[in-house]
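Q: Chain by chain, the residues run as shown.
2 protein chains.
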Amino acid sequence: MKIRKRVSHIAILLFLAALTGFHSAAAQDALPSWNDTAPKKAIESFVTRVTKQGSPDFVPADERIAVFDNDGTLWAEQPMYFQFLFALDRVKALAPQHPEWKEKEPFASLLKGDIKAALAGGEPAMVQIVIATHAGMTTDEFDQLVRDWLSTAKHPKTGRPYTEMVYQPMLELLAYMRANGFKTFIVSGGGVDFMRVFSERVYGIPPEQVIGSTGKVRFEIRDGKPVLVRLPEIQFVDDKDGKPVGIHQFIGRRPVAAFGNSDGDLQMLQWTAGGSGARFCLYVHHTDAVREWAYDRQSSIGRLDKGLDEANARGWTVVNMKKDWKVIFPFEK
Amino acid sequence: MKIRKRVSHIAILLFLAALTGFHSAAAQDALPSWNDTAPKKAIESFVTRVTKQGSPDFVPADERIAVFDNDGTLWAEQPMYFQFLFALDRVKALAPQHPEWKEKEPFASLLKGDIKAALAGGEPAMVQIVIATHAGMTTDEFDQLVRDWLSTAKHPKTGRPYTEMVYQPMLELLAYMRANGFKTFIVSGGGVDFMRVFSERVYGIPPEQVIGSTGKVRFEIRDGKPVLVRLPEIQFVDDKDGKPVGIHQFIGRRPVAAFGNSDGDLQMLQWTAGGSGARFCLYVHHTDAVREWAYDRQSSIGRLDKGLDEANARGWTVVNMKKDWKVIFPFEK
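These protein sequence lines map, in sequence, to chains A and B. Residue numbers for the first sequence follow the numbering used here, beginning at 9 and rising by one. Residue numbers for the second sequence follow the numbering used here, beginning at 9 and rising by one.
Honestly, I wouldn't trust all of these hints.
It does not matter which identical chain is meant; a pair holds if it fits inside one copy or across any two.
Said to hold, decoys possible - Only pairs whose alpha carbons sit at most 35 Å apart, straight line, appear in this in silico DSBU-like list of lysine-lysine:
id: 1; residue 1: K248; residue 2: K124
id: 2; residue 1: K49; residue 2: K60
id: 3; residue 1: K110; residue 2: K49
id: 4; residue 1: K233; residue 2: K331
id: 5; residue 1: K233; residue 2: K314
id: 6; residue 1: K334; residue 2: K49
id: 7; residue 1: K248; residue 2: K233
id: 8; residue 1: K314; residue 2: K124
No lab work stands behind these hints, which were simulated from the structure alone.
Work the whole structure out from these sequences, hints included.
A: Have a look at this one:
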């Protein structure tokens, strides 16, 4: 009897909610920083179709998985990936403990401020820098390093904290998707432990919905206290072919919507598009050299070349930042 | 104005919810299959303390992460892990395509029904069986194999489908934790893709909240369609030291409550207990040879030896299944 009574109360509440909250949500514009151009219309049309009971494209709430790349899709990635700028600052901070770095590449060039020369060694140089700055401490210690850096470091062009270099239209889109029953995930080539420090506060995405590249960690008991120690070994690279793999291993079901900005996201969009039923794939195209940066087919960071061709061939949505976004960063408002 | 109006509607709804739904939830017994012995009281006391605003032990809803082992904690694991029984059935089904298995261990013994001899080869034999039965197909195909098996296979002792061999008190506990704002995760040594097929339907735990052992997969485009192919290589073993590692990599924050039944769960419970603030660790002790099975320090499956000592030393909660559970399986009711 009690249970039945409770169910009917819940039914009344849901009914009231349908009359009030949901109704006013629909009445107001959830994407005010988007111009009324094709991408906004495509997003709204997709969300309406998959959330409408009885629609042939209806997707049950449990299956509404939306995945978002981070660098270049949710926040900026120029003049280089922000996590790499964190690593550079760590190299400087650690240099006094590593006198040998003065003679040893890629560190010697980095310490002279010559990033181009430092990265001439390609991926092995990059891996050396990541390992030297991201391993050899506990997970709690690393967490604190990132937290401290984010609270003090400033972007070299705008002078803003990195966590303000996020795209206002994408913040609105994340909230809009969630308000429509979507579970929003980050699926990024960036380090998962780096992103998890700010994802909840900045994007409203909790740590357990962040997928990224990982390093190996080892469980140890130190002085009677359990710790996880970050090892100098990369475990998983969540980029290109790795993105659908990461989605499978970490989420375990195929997304119905995917958002990216580079060729590194192409396989994630293909995997999403390949499912049955309604699907939505969107590329953010960096076209605004004045308010942000303009780059695509030739860029070493965030190259969008094959992805742009495939988006055009398949009719995926492409956001032209200059034309489609009223505001880019929250601080412009 | 519209937003303010909406907020006030939501406030009214929350207030009504507090008066009705939540109130009746508290009034009824959420754990009816638990006797009124110490474990039930410990669970209720913990949940009350961490959910009460202003309590010194209060934990914000976002941080209410609870992790549950699967085999022996949420469902039975005797006479052997159910996933291994699935593998045995696969070996039989695949045998006609593998005439060489008649002469080759561990398959030859398996096909003769001599599991003990087959497993005399230890872990390498086990890995061979898993790889022969779990790799070489797409993730969608594997998913379907598990689905078909679960819908037809029967437990050798009870004759019940495996998905009915779940513990009624633990189903109630999962629902009770979730009703109190906890996010419930499985953290199991079992294969993640095996568990994800039934976790949502049986436990109310969605695929993205299931952590387990993983095999490598590769992204491919086949006939223009993207697929993920299961490779004959183990990627991650989510057992013992691997459990806190898996929790870190997949969830990214430390649980406040952990539930297990064997030494394989000890590090997960240690990692959970090692955080600051209120923590809850519980072991299910298999003590009921009549209604279920009785095993602990000497068992080859689900051995509970070091874990039992540590639970006693640290005052963790230990469920004596015979004494503390009114009902074990849902079909007893």
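Q: Which earlier hints turn out false for this structure, listed by number in ascending order?
A: Hint 3 is the one this structure does not satisfy, whereas the remaining hints hold.
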